[in-house]
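Chemist: Work the whole structure out from these sequences, hints included.
Quick note, the sequences are listed as chains A, B and C, same order.
So for the first sequence, the UniProt record's numbering puts the first residue at 1; every next one is plus one.
So for the second sequence, the UniProt record's numbering puts the first residue at 1; every next one is plus one.
So for the third sequence, the UniProt record's numbering puts the first residue at 1; every next one is plus one.
Worth double-checking, as some hints may not be accurate.
Stated by the list, open to error - Below are the SDA-like pairs computed for lysine to any residue, each with C-alpha atoms no more than 20 Å apart in a straight line: (1) A:Lys580 - A:Pro609; (2) A:Lys561 - A:Gln528; (3) A:Lys553 - A:Ala617; (4) C:Lys253 - A:Thr643; (5) C:Lys253 - A:Pro641; (6) C:Lys253 - A:Lys486; (7) A:Lys7 - A:Thr718; (8) A:Lys104 - A:Ala68; (9) A:Lys102 - A:Phe288; (10) A:Lys450 - B:Asp93; (11) A:Lys7 - B:Gln92; (12) A:Lys7 - B:Gly82; (13) A:Lys553 - A:Asp578; (14) C:Lys253 - A:Leu642; (15) C:Lys253 - A:Phe288; (16) B:Lys2 - C:Val50; (17) A:Lys561 - A:Ala577; (18) B:Lys2 - C:Trp8; (19) A:Lys580 - A:Ala570; (20) A:Lys486 - B:Glu17; (21) A:Lys104 - A:Val82; (22) A:Lys486 - A:Phe288; (23) A:Lys76 - A:Lys102.
The set of hints was computed from the structure by calculation and includes no laboratory data.
Because the structure is a prediction, the values reported are computed rather than measured.
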Amino acid sequence: MTHSFGKPLTRNEDPRLLRGEALFVDDVELPGLLHVAFLRSPHAHARLLSVDLTAARARSGVIAAYAAEDLGDYWKPGPLLVPPPPVPGMVFHQCCQVPLVKDKARHVGEPVAMVVAESRYIAEDALADIVVEWEVLDAVGDLEAALQPGSPLVHDHLGVNVAARVHQHRGDYTAAAKAAALVVKRRFTYDRGASIPMETRGVVAQWDPRADRLTVWDTTQAPVVIRNGLAAMLGLSERQVRVVAPNIGGGFGPKMMMFYPEEVLVPWAAMRLGRPVKWIEDRLEHFFATTHERSQIHDAEIALDASGRILGVKDVFLHDNGAYDPYGLTLPLNSQCTLLGCYLVPAYDSVFTAVFTNRTLVTPYRGAGRQHGVFVMERLLDIAARELGLDRNEIRRRNFIPADAFPYDQGVIYQDFSRLSYDSGNYAPILEKALDAIGYDRFVQETQPKARAEGRALGIGVVCYVEGTGIGPYEGAKIQVQGSGKVSLATGIGSQGQGHATAFAQVVAEQLGVDIRDVEVTTGDTDQFYWGVGTFASRGAVVAGSATHEAAKVVRQKILKTAARHFECAEEDLVLADGKVHVVGVPDHSITLGALAGLANPMRGAVTPGTEPGLEATSYFGPAGGATASGAHAMIVEVDPLTLRPTILDYVVVHDCGTVINPLILAGQIQGGVAQGIGNAFFEQLHWDEQGQLMNASLADYLLPTALDVPRMRLDHTVTPSPLNPLGVKGAGEAGAIPVGALFAQALEDALDLPAKGIEILEMPLSPSRLWEITNGG
Amino acid sequence: MKVRVTVNGVAHEREVEPRLLLSDFLRHEIGLTGTHVGCEHGVCGACTILWDGEPARACLAFAVQAEGHDIRTVESLAPAPGQLNALQQAFQDSHALQCGYCTPGILMTMTAFLAENPKPSEEEVRHALSGNLCRCTGYQHIVDAVLLAAERGA
Amino acid sequence: MKPAPFDWQAPETVEAALALKSVHGDGARFIAGGQSLVPAMNFRVAQPGVLIDLSRVAGLDSLAWSPDGSLRIGAMVRYRAIERDAEVARHLPLILEALAEVAHPQIRTRGTLGGNLCHADPASEMPAVMLALQARMEVRGPGGTRILPAADFFLGPLTTALAEDEMLAAIMVPPLPAGAGTAFLELARRRGDYAMMGVAAVLRRDGAGRCAEARLAFCSAGPTPMAAPGAAALLVGTALAAADIAAAAEAAKAEIEPMGSVQASPAYQRHLAGVLAARALTLAAERAA
Ligand SMILES: Cc1cc2nc3c(=O)[nH]c(=O)nc-3n(C[C@H](O)[C@H](O)[C@H](O)COP(=O)(O)OP(=O)(O)OC[C@H]3O[C@@H](n4cnc5c(N)ncnc54)[C@H](O)[C@@H]3O)c2cc1C
Ligand code: FES
Ligand code: FES
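Modeler: Written out as structure tokens, the structure is:
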């Protein structure tokens with residue numbers, strides 16, 4: 001049997017992408033296609049007094065223009081995607097985004113009017129024809145200012161800018177602090193960034209009156225959910241709506257947000273106008289209209305005994321929601337839970353306040369709040385180690401959850417509403433591998449002292465993290481052997497480059513003994529697979545992969561049964577390999593899967609009662625809980641002591657994501673994650689002025705790292721399979737990105753010998769300029 | 001106004017507005033959607049094409065400026081339908097793409113780069129790549145792919 | 001991000017180009033490589049009603065050396081053509097060193113030195129380099145040709161001394177003094193970005209090895225490219241020892257007016273100016289025969 005599971009196979013999806021043949025949403029061309037542009041609020045906070053579309057509608061080439069009142073009953077705030085979890089005593093105010101501004105604009109870039117024209121060029125021309133009267137209001141962007149009495153209110157009816165408050169605790173932190181030999185208390189800040197996929201968002205919608213169906217091409221990570229929602233909004237039944245998420249040019253989370261106003265409006269316009277309609281977000285719009293992430297302020301403390309064992313952690317933090325909160329509490333809950341990391345924390349007391357601000361919405365972006373938790377905990381440990389005179393790795397070793405303690409219940413509620421429980425893990429060997437690989441001892445004993453003597457500033461960083469992955473509720477997969485002998489697989493999740501078409505094919509191939517190139521995978525087409533949730537929280541491989549595995553096992557049984565009837569032998573005597581079945585020892589006498597598929601679908605006679613035609617199966621998988629991956633990153637950095645520009649000299653990732661389906665794809669996921677982590681730590685920051693205007697809304701000013709900014713990374717793995725799914729896999733999508741901020745802070749402090757000067761790095765992101773200010777007393 | 005542009009060896013004549021960007025001309029007028037658009041301000045590199053053999057941004061030129069010039073896009077790389085050229089093959093072999101959105105621009109940039117520098121060092125490859133942004137891969141496999149293509153004599 | 005409509009004109013002579021500009025005035029813009037103008041038009045911050053394409057104008061794209069060793073760069077010479085010119089590399093390495101920091105090859109294929117100077121971005125490398133090289137601008141207008149020293153050409157951010165009906169026809173770069181050493185250094189957030197701070201240095205030694213002439217010019221250091229004549233004067237007559245260079249670099253910090261950006265605070269920029277000036281002067285001193 002050809003084994004492909006676990007092999008570094010190259011990808012099925014590549015040839016079409018490499019030849020420029022793959023379909024992305026903006027590639028969809030339809031006869032009579034119309035194009036949309038949106039007029040967006042130029043103000044962060046302003047009451048809308050009037051919108052006059054007369055001139056825009058009169059412009060030649062303009063087909064229609066709409067403001068909020070033109071939507072009639074269709075104007076509704078979006079749905080709450082993730083209701084708050086059952087934490088006793090929590091506060092939650094639901095305020096979801098609206099399709100077009102009606103009463104007031106709450107962030108720059110909120111859509112106010114929609115123009116539909118013969119070309120995007122004309123649609124943009126017409127935006128200048130629209131006359132809007134605004135009453136500009138004071139805007140609030142600062143988290144602490146937003147909570148002061150007298151602050152401008154993002155949602156007037158609430159009377160406050162509090163979106164939510166959640167208190168979770170286990171053990172008695174006050175007692176822990178009293179008993180502690182050392183309590184370290186610091187304030188940590190993490191500022192906004194954005195995911196910036198290379199493809200912006202886009203929607204194309206076509207209403208076919210003859211088929212009585214709507215087709216929508218959407219850059220979404222969750223086509224099934226979009227289909228269901230659109231059907232409900234538009235008064236259609238779900239079978240009347242087909243949502244296709246074709247190739248997606250990167251998502252990283254924000255393409256999982258639902259529903260964006262444009263997603264609601266474009267299909268509506270297509271139905272109303274009876275012509276296909278396309279909207280492709282431009283890069284400028286993207287900076288305002290696609291969701292952001294990351295602003296939090298933590299006041300955190302850690303209590304330890306004299307040997308460096310953690311007695312407890314207390315954290316009070318503010319989370320920036322932006323103007324609306326359709327994603328509920330996912331992000332701050334992730335921060336709250338992930339803070340506990342790989343460590344035994346007997347007492348934990350954490351309360352967060354989610355805050356409305358006059359800024360673009362905040363929804364999960366790769367890491368999804370986990371960065372913050374890891375940053376706070378790892379920094380606290382670094383500082384505590386220093387104060388106790390302990391090696392920074394030793395303090396981590398002393399506090400790791402021991403390998404025999406799994407499954408380990410952290411005693412708090414996670415984003416999937418279940419108790420945060422780590423399924424499996426073994427942290428110490430990961431750290432040791434990372435230290436070994438980076439050459440920690442040699443660096444500390446030889447390299448660094450020598451470099452310092454030469455006036456060079458070299459530093460090392462080592463941090464650990466966990467990543468909750470693969471949460472429910474479920475995904476499904478449908479597998480069918482085609483008459484051609486090829487095997488088709490459809491799932492409901494979308495793919496934005498994670499290599500699902502290959503990884504899932506490997507899962508199928510493993511069961512059915514076919515070449516992975518003969519497995520045709522469709523993701524993201526609701527006509528191909530009806531049910532599903534979406535690609536987020538590093539769950540694709542875990543949840544849809546497991547469903548695929550289950551379906552493949554059933555198809556395997558059907559193949560063997562059909563073949564056994566054909567060969568008139570026992571199933572145990574059959575061999576399934578190379579796309580054929582033969583009787584053991586008689587490889588020449590075989591039947592292809594295609595022929596078997598034909599036999600399983602007879603044209604005459606009767607299908608035996610209790611059986612089904614075809615070699616086909618659909619299975620679903622819902623994990624009992626999330627699978628917790630873990631890892632350690634280490635790096636050596638050199639900083640120009642005068643300009644403070646860092647250069648990464650070596651970077652090591654040791655990662656445990658359970659069983660690995662395809663090491664090549666996994667390596668890509670991790671490398672890409674690290675690159676985003678580096679961007680987040682040292683290049684990317686959204687800068688706002690007092691009026692809530694974004695000051696660097698271009699790729700020239702919002703700095704994505706280039707090939708010269710991301711170093712070569714060396715990867716290694718340990719494998720602790722997850723007991724929660726049949727494949728033993730854990731997600732790996734976010735691991736690369738999560739710990740990089742904490743790593744940069746530690747390594748830069750070390751390189752510049754900052755602790756000796758009484759300087760600590762307690763904020764992210766950094767830049768040479770900011771680092772200079774910090775080190776010069778700023 | 002009328003514009004005549006040679007794209008991938010084929011002459012195309014179209015009536016266009018002067019303001020039509022070359023990127024939109026390629027994608028939406030003549031249907032070559034392999035050239036991608038990621039920023040329309042010259043930074044991301046997704047729209048990189050070859051202009052008389054030199055890499056250039058299709059989003060920073062008007063179609064009318066391409067009058068009489070030889071434009072090449074990603075669709076010109078494969079030696080025959082269904083095949084990959086050596087650079088493309090090295091990209092697949094090295095897992096140098098994830099979402100693939102940046103890939104056409106990178107292939108065009110690297111095609112010109114390797115023609116000029118057939119045996120580059122890693123550092124040179126990284127420099128040459130620095131005008132193309134990729135959000136998915138962290139670049140390492142792209143660098144590997146270019147070095148592999150060079151080694152294979154692409 | 002699609003440009004507003006405009007009329008397209010592609011004249012073939014300088015006279016025709018100037019005539020079009022006279023007719024359309026402020027509403028018309030010349031387009032050279034388009035690498036600054038087209039992004040601005042895509043963002044609709046620039047909406048010229050007429051574009052006058054200079055790429056088909058005869059005679060603007062030549063690069064020519066005079067017998068006295070000065071170089072005349074036609075306004076439409078693309079960066080790539082300058083980069084590939086072996087003589088430029090030999091005689092004016094400062095230009096190449098700085099050009100390598102300007103954007104990326106894909107931009108340099110189309111971008112022109114003339115367009116860059118007319119764009120007059122104070123963060124741009126080339127205006128500072130032209131200041132340090134004491135280049136002169138050949139300006140053509142309806143009344144004929146006038147020559148402006150680089151120092152008089154740049155008036156402010158995105159503002160030059162060109163009148164509405166004038167164009168830049170060529171840049172004339174005089175030969176460097178024999179044995180001069182030059183260096184360009186900058187610090188940008190990423191390769192190819194506009195610099196947070198950049199500096200061009202030119203040094204010449206006398207027969208005794210003492211500094212006979214010094215020039216320093218900065219980019220991203222004020223509303224225009226900024227020369228630092230005071231700091232340069234401090235160097236003349238010194239042995240260009242580390243302490244001499246440090247003193248000049250420190251003095252230069254007081255001669256600039258960095259304005260800050262989202263990437264760098266003015267204080268950090270000023271600090272960088274000192275660091276980079278010292279490094280560039282050290283390099284130039286090593287290179288000066
Ligand atoms: C991604 C990116 C990165 C960049 N990075 C840098 C960088 O690091 N450093 C840097 O210096 N530049 C950078 N640039 C800008 C680049 O250098 C431009 O090419 C240059 O500034 C303008 O040259 P152009 O020929 O493209 O001019 P155009 O864009 O065509 O014109 C610029 C302006 O000059 C006017 N003009 C042009 N020619 C004439 C003339 N002969 N007479 C009168 N007016 C004229 C035009 O009307 C216009 O106002 C970057 C550009 C991009 C897209
Ligand atoms: S689309 Fe042209 S460079 Fe980004
Ligand atoms: S592969 Fe997705 S941007 Fe490069």
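Chemist: Next step is simple, just say for each hint if it's right about the structure.
Modeler: Hints versus structure:
no.: 1; hint: A:Lys580 - A:Pro609; verdict: 26 Å, violated
no.: 2; hint: A:Lys561 - A:Gln528; verdict: 26 Å, violated
no.: 3; hint: A:Lys553 - A:Ala617; verdict: 9 Å, holds
no.: 4; hint: C:Lys253 - A:Thr643; verdict: 15 Å, holds
no.: 5; hint: C:Lys253 - A:Pro641; verdict: 19 Å, holds
no.: 6; hint: C:Lys253 - A:Lys486; verdict: 71 Å, violated
no.: 7; hint: A:Lys7 - A:Thr718; verdict: 16 Å, holds
no.: 8; hint: A:Lys104 - A:Ala68; verdict: 11 Å, holds
no.: 9; hint: A:Lys102 - A:Phe288; verdict: 18 Å, holds
no.: 10; hint: A:Lys450 - B:Asp93; verdict: 41 Å, violated
no.: 11; hint: A:Lys7 - B:Gln92; verdict: 15 Å, holds
no.: 12; hint: A:Lys7 - B:Gly82; verdict: 25 Å, violated
no.: 13; hint: A:Lys553 - A:Asp578; verdict: 17 Å, holds
no.: 14; hint: C:Lys253 - A:Leu642; verdict: 15 Å, holds
no.: 15; hint: C:Lys253 - A:Phe288; verdict: 38 Å, violated
no.: 16; hint: B:Lys2 - C:Val50; verdict: 17 Å, holds
no.: 17; hint: A:Lys561 - A:Ala577; verdict: 15 Å, holds
no.: 18; hint: B:Lys2 - C:Trp8; verdict: 12 Å, holds
no.: 19; hint: A:Lys580 - A:Ala570; verdict: 16 Å, holds
no.: 20; hint: A:Lys486 - B:Glu17; verdict: 47 Å, violated
no.: 21; hint: A:Lys104 - A:Val82; verdict: 25 Å, violated
no.: 22; hint: A:Lys486 - A:Phe288; verdict: 44 Å, violated
no.: 23; hint: A:Lys76 - A:Lys102; verdict: 10 Å, holds
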